[in-house]
Amino acid sequence: MSTLVKNVARITLGGALLYAGISHLTTARQEFQAQVPDWVPLDKDDTVVYSGLAEIALGTSLLLIDEAHQPAVGRTTAGFFTAVFPGNISQYVNKRDGFGLDTDRKRFIRLFFQPVLIAWALLSTRKD
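Its first residue numbered 1, the sequence shown is counted upward by one per residue in the numbering used here.
Don't read these hints as lab results, they were simulated from the structure.
Treat the hints with caution; some may be incorrect.
Unchecked claim - Simulated pairs of lysine-lysine, DSBU-like, Cα-Cα distance not exceeding 35 Å:
no., residue 1, residue 2
1, Lys-44, Lys-106
2, Lys-44, Lys-95
3, Lys-6, Lys-127
4, Lys-95, Lys-106
5, Lys-106, Lys-6
With these hints in hand, go ahead and build the complete structure from the sequences.
This is how it looks when you write it as structure tokens:
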């Protein structure tokens, strides 16, 4: 993968995470609460706020990080995507609507995008 493609992919992912993190704290706060599993021992709103702050930090890091530290930020971002995956599963299993995911089929299809995000984080930040 060329450096230009990797940089565009990394910056795009960073911008998307920054936007998602800000929306966790503002316009989409209630929508994100649908993804918080009932077994999480924190208030759903607190969980959304904390994950939003994490997304803001990860997005900013992906946008601003120097080349030497990109692989570590990529692994951390992939780990975050892995950690929040149970929320996507919970949304599917518990039939919770959110972000237009208002059918079992849509919620099921959404599950397949999480591995794409994990790969995106790793591939756009790896050293050649």
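Tested hints:
A hinted pair counts as satisfied when its Cα atoms are at most 35 Å apart, and Lys-44 with Lys-106 qualifies at roughly 23 Å. At most 35 Å may separate the alpha-carbon atoms for a hinted pair to count; Lys-44 and Lys-95 meet this at roughly 17 Å. Pair hint Lys-6 plus Lys-127 holds up; C-alpha atoms about 10 Å apart against a cutoff of 35 Å. The suggested pairing of Lys-95 with Lys-106 holds, with an alpha-carbon distance near 10 Å, which does not exceed 35 Å.
For the suggested pair Lys-106 and Lys-6, the alpha carbons sit about 29 Å apart, so the restraint of at most 35 Å is met.
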